[in-house]
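Enquirer: Chain order of the listed sequences is A and B.
According to this note's numbering, the first sequence is numbered sequentially starting from 42.
According to this note's numbering, the second sequence is numbered sequentially starting from 52.
For the record, the hints were derived by calculation from the structure and aren't laboratory data.
Even glycine gets a Cβ: it sits at the ideal position worked out from N, Cα and C.
It cannot be assumed that every hint is accurate.
Claimed, not checked - Using C-beta positions, here's what the derived DEER-type ranges look like:
| id | chain 1 | residue 1 | chain 2 | residue 2 | range |
| --- | --- | --- | --- | --- | --- |
| 1 | A | Asp-507 | B | Ala-225 | 36 to 42 Å |
| 2 | B | Val-67 | A | Pro-303 | 44 to 50 Å |
| 3 | A | Lys-190 | B | Leu-63 | 33 to 39 Å |
| 4 | B | Ser-293 | A | Asp-430 | 56 to 62 Å |
| 5 | B | Ser-78 | A | Asp-430 | 38 to 44 Å |
Claimed, not checked - Chain B side only, calculated, beta carbon under 10 Å to chain A, not exhaustive:
| id | residue |
| --- | --- |
| 6 | Thr-70 |
| 7 | Leu-181 |
| 8 | Thr-238 |
| 9 | Asp-370 |
Unchecked claim - Pairs of lysine-lysine residues, derived as DSBU-like cross-links and limited to a Cα-Cα distance of at most 35 Å, are as follows:
| id | chain 1 | residue 1 | chain 2 | residue 2 |
| --- | --- | --- | --- | --- |
| 10 | A | Lys-450 | A | Lys-431 |
| 11 | B | Lys-178 | A | Lys-450 |
| 12 | A | Lys-479 | A | Lys-431 |
| 13 | A | Lys-385 | A | Lys-510 |
| 14 | B | Lys-178 | A | Lys-385 |
| 15 | A | Lys-211 | B | Lys-178 |
| 16 | A | Lys-165 | A | Lys-342 |
| 17 | A | Lys-398 | A | Lys-314 |
| 18 | A | Lys-263 | B | Lys-178 |
| 19 | A | Lys-165 | A | Lys-259 |
| 20 | A | Lys-126 | A | Lys-211 |
| 21 | A | Lys-385 | A | Lys-431 |
| 22 | A | Lys-470 | A | Lys-450 |
| 23 | A | Lys-126 | A | Lys-165 |
| 24 | A | Lys-262 | B | Lys-178 |
| 25 | A | Lys-165 | A | Lys-510 |
| 26 | A | Lys-342 | B | Lys-178 |
| 27 | A | Lys-479 | A | Lys-385 |
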Amino acid sequence: MTRTWPHRLSTKHRLPRALIIASSVVMMTALLGACSSSKPKDTVPVETPAAVAETIPAAADTTAAPAAETIAAAAAAPANGAELKVGVITILEGPFTVLGQDGVRGIEQAIAEVGGNVAGRPIKTIIESSNAAPDSAVAAARKLVEQEKVDVVIGPLSGDEGIAVKDYAKSHPEVTFVNGTSGAADTTAINPAPNFFRFSTDGAQWQAGLGDYAYATKGFKKVVTIGEDYSFPYSQVAGFAIGFCRAGGAISNRIWTPIGTPDFSSIVTQIPKDVDAIYVALGGGDAINFLNAYNAAGGTKPIIGGSITVDQSVLSAEGAIVDQIIGTVSAGPIADNNPDQRWKDFVAAYQKQFGAKGFPSPSLFAHGYYVNTKALLKGIEAVKGDLSDKEVGLQAALSKLTFDTPTGKVSLDANRNAVADIFVTEVVKNADGTLSNKVVSVTTQVDQKLGLSEADYNAIGSFGHDNPKCGN
Amino acid sequence: MNATHTRIRLALVVLVLATAALPLFVSDFNIERVAAEVLMLSILAMSFIFLTSLVGMVSLAQTAIAAAAGYSVAYGTAVRHWPVALTIVVAMLFGCAVGAAFGLVATRTSGIYFLVITLAMGLVVNKFALQNRGITNGSTGINSVRGPNVAGLNLDNGFHRFYVLLFVAIVVYAGLQAISRSHFGSTLVAIRDNPTRMRSLGYAVQLHRVAAFLIAAFIASISGIFGVWFRGRIDPTSASLSQAINLLVICVLGGLNRLEGAFVGAAVFVLLRTYASDVTDRFNTLIGLALLVVALLAPNGISGVARRVAEIERNRRNDRNSRLSTPVS
C-alpha cells in the first residue's frame, strides 16, 4: 500500500497532461453528444429513457384519433385524482433490448387506449431496466418500490426474473405486481405471492396443443429437445412434453445449452439419428445460431419450435436455413396471422401508434405487457382509483377479473395465473416469398395445469432438466 | 510526515462519523440499498486491492470466492435450515477452503498467468452453480434467504445491516492496514518486489503467497455472506465474468494502490449504476466513460488524485517555507 507510482509531477509532464485532459474532455463531450443525438432515432419517444419518468399523454399525439379525443376530454376536465405511479421492469440492455423495448410499447398502447388516465388519475410510468439476471430485476423492483415509491409494478420480462421478483413482492404486500412476459411456471405454481398477478400465461401453457399436433398431425413419434438452460425453456419443454408424451410420443434426450452459445456445432453432434424431429426452445440469436449450425452439418430433420423460436428475426433470416424452417410448427400466446378481428384491430392500433419505430407486428412481448397493463388498469378502474387500503381492494378486483383481450378471454386461477387461448402455428411460404406463421389450431382457455388434475400437476413439482418425465 | 498521518487519521474518523450519521440526511433507500451495497463491495474490493498492491497478484477470483461463501449461506439458510451460527461458520470455512484450493494452484504462477488462472477458477464456480441444479437450483438461484438475528441485531433489517456492515468494513480496513505494517506484510512486499532474492534468503515464498490469498479469501467470504443477506437471494451471475470485471472497475476507479480506493471506487460505481439510469438510457456508456477518464487521467484512481492534490499542496508549502531546498516528496 505504500508503493508510490513511479512518476512524479514535473514540468516536463505538465504540457502533455494538459493536452490529454483537454482532448479527453472534447472526446467525452463528442461521445455524449453523439449518444443524445442518436437517441430519438432508434427508440420510440415515450420509451427512450431507461428510467426517466414520463407522463404518457404527452406522447399520445401520434395515437389513433379516438384516443386523442379522449385525451382532450381528460385534459379539459380537471384531474380529480393524484398521479398514479406505475413502475415498469423491462430489459433495456444486452441482447434482449429489442424485446424489452417492444414490451414498453405494449404498456404505452394500453395506456394510450385509456387516454393516459385511469379513474381520474393521470398515469406516470417510471421505467427501470434489468439485464435478464434475477438479481438485476430485484434491484430494479427495489428501486421502484423503495425509492420511487410507485403504486404498482409491471414486469419483469424474463423467466428467472419473474421467480425472483415474485419472491421480493412478498416483502411488500401493499404494492401490487403484475407480470410482464416472464414465463417460468414456478413463479405462480410454487409458493405464489398473493400480490403477484400473471395475466399473460406461462411458458408451459404456451406449448398447449403443440405436443398433440406434432404427434397426431405431423406424425412425429420420437423427438430430441434442445433448450437454453434456465427456467423459461424448462417450462416450454415441460409444456410440450406433457402434451407430446400423453399423446404417445417419446423424448430421446434433452439437451440444455447456456444462453448466448455462439457455436452449436458440438451440440448438433449430440442429436440422435433415429429421431423424427427436433424440438427447439431457443430464442433470438441462439435460435438462428443453432439453425445455421444444424444446417451446415447437413441436418434435415423437421423442427418443432418453442414460443420465441420462430419469431420475426428467424422468419426474416436469409440463406440456407429458410427451407429448413418452412413447415416448422410452434405454439404461443399470439399468432402473427391470427384472423380474429380483435387481433387485427390490436395490430392496426400498434402499427398506427408506433409506425416504423415498432416491429411490423406486435411481438409476444408487446402483447404480454399490453395484456398485463390492461388488466391492471381495469382493476384500478374497478376500485375507482382508490389504492389507500394497502391495495387490498385492487388485488381482490384483479383476482376475479375476467376480460376480453386481442387473443380472447382471460381470467385468473386460484394462484393468480392466467387462463387464456393458445395458438399452434406453422411456418408457410407466402406468394411473395416471405415466410409467416399460419394458425393451424387454437386451444381455448388453457389453464396452468394443462389438463392434468391438480394432484398430478403438483406431483411434477418444479420443472427442470428431466422433469416432467416422459411416459408416466 | 507525522503531521500528515495525524491529519489522514483525523480525516478517516470524520469520514466514518459522517457515514454513520448518513441516515439523518438521506432516504431509507439510500441507506439500506445504496450505502450498504457500497460498504459490501468495498470489503470485496479491499480483498482485491490487498492482493494487488501488497502481493502483486491480480486475482479475478474474488467475486467467485464471495459467491461460494454466499451459496453456502443460501443453501444452509433456505434449503437446509441450519442454525445461524453453523451456517455462518460453514460459509466462512467453505469460502476459505475454495480460496485455499484456488490459492495453492494459482500462486504457482504470477503476472498475466495468475490473472488468467484466477479468472478461469472464477468461471468454474459460475458453471458449477449453473449446472448443479440439485444444490444451487441452476440459473434461477436460491431465493428467500432472510438475514438472521445475531446478538440482538436483525440482519434482515436494512438499518441494522448497514451499521453492521460499516463496523465490519472498518475492522477489515484496520486489519489489513495492520497486516501491511507488520513483519508479515513487509515480507509480502519484499516477495512481490524480488521473489528470487527472498527465496534465497530462506523465506517460504509460496507459503506466504498462499497465506495472503487465504486472507483475501476470508475477507471476500465476509462480503459474500453479507451479499446474500443484502439481496435476499443468490444466482450464478454473482460469480460471472461481468461481476469480476465490475470489481476490477471499482478498484481501478478507486485506485489500486491504496485500501481507501476500495471505498471511493465502490461509492462511485454504485451511485453511477443506481442513478445514471435516471439521467440517460446509456448508463452503461456513462460508467465506461468514467472508467476511461480515470484510467487516462489518474492512473492511481480517484483516491490517487486526492493524494496527488495533497502532494502538490505540500510541495507548494515547502517551497514557500524554504526557498533554498527543493522538496523531495
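Enquirer: Does each hint hold? Answer for all of them.
Expert: Structure-based check of all given hints:
1. Asp-507(A) - Ala-225(B): 36 to 42 Å: violated (51 Å)
2. Val-67(B) - Pro-303(A): 44 to 50 Å: holds (48 Å)
3. Lys-190(A) - Leu-63(B): 33 to 39 Å: holds (35 Å)
4. Ser-293(B) - Asp-430(A): 56 to 62 Å: violated (42 Å)
5. Ser-78(B) - Asp-430(A): 38 to 44 Å: violated (25 Å)
6. Thr-70: Result: violated, 19 Å to nearest chain A Cβ.
7. Leu-181: holds (7 Å)
8. Thr-238: violated (14 Å)
9. Asp-370: violated (13 Å)
10. Lys-450(A) - Lys-431(A): With a Cα-Cα distance of about 29 Å, the restraint between Lys-450(A) and Lys-431(A) holds, given a limit of 35 Å.
11. Lys-178(B) - Lys-450(A): Distance ~42 Å between Lys-178(B) and Lys-450(A) Cα, so the pair is violated.
12. Lys-479(A) - Lys-431(A): violated (45 Å)
13. Lys-385(A) - Lys-510(A): The given pair, whose Cα atoms are some 39 Å apart, is violated under the 35 Å limit.
14. Lys-178(B) - Lys-385(A): Measuring from Cα to Cα gives roughly 45 Å; hence the hint is violated.
15. Lys-211(A) - Lys-178(B): The given pair, whose Cα atoms are some 30 Å apart, holds under the 35 Å limit.
16. Lys-165(A) - Lys-342(A): violated (50 Å)
17. Lys-398(A) - Lys-314(A): Answer violated: Lys-398(A) to Lys-314(A) is near 44 Å, above 35 Å.
18. Lys-263(A) - Lys-178(B): It holds: about 30 Å lies between the C-alpha atoms, which stays within 35 Å.
19. Lys-165(A) - Lys-259(A): Violated, at about 49 Å.
20. Lys-126(A) - Lys-211(A): holds (20 Å)
21. Lys-385(A) - Lys-431(A): violated (38 Å)
22. Lys-470(A) - Lys-450(A): holds (30 Å)
23. Lys-126(A) - Lys-165(A): Since the Cα atoms of Lys-126(A) and Lys-165(A) sit roughly 5 Å apart, the hinted pair holds (cutoff 35 Å).
24. Lys-262(A) - Lys-178(B): holds (34 Å)
25. Lys-165(A) - Lys-510(A): violated (46 Å)
26. Lys-342(A) - Lys-178(B): Status holds; Cα separation ~31 Å.
27. Lys-479(A) - Lys-385(A): holds (14 Å)
Taken one by one, the earlier hints fail for this structure at numbers 1, 4, 5, 6, 8, 9, 11, 12, 13, 14, 16, 17, 19, 21 and 25, listed in ascending order.
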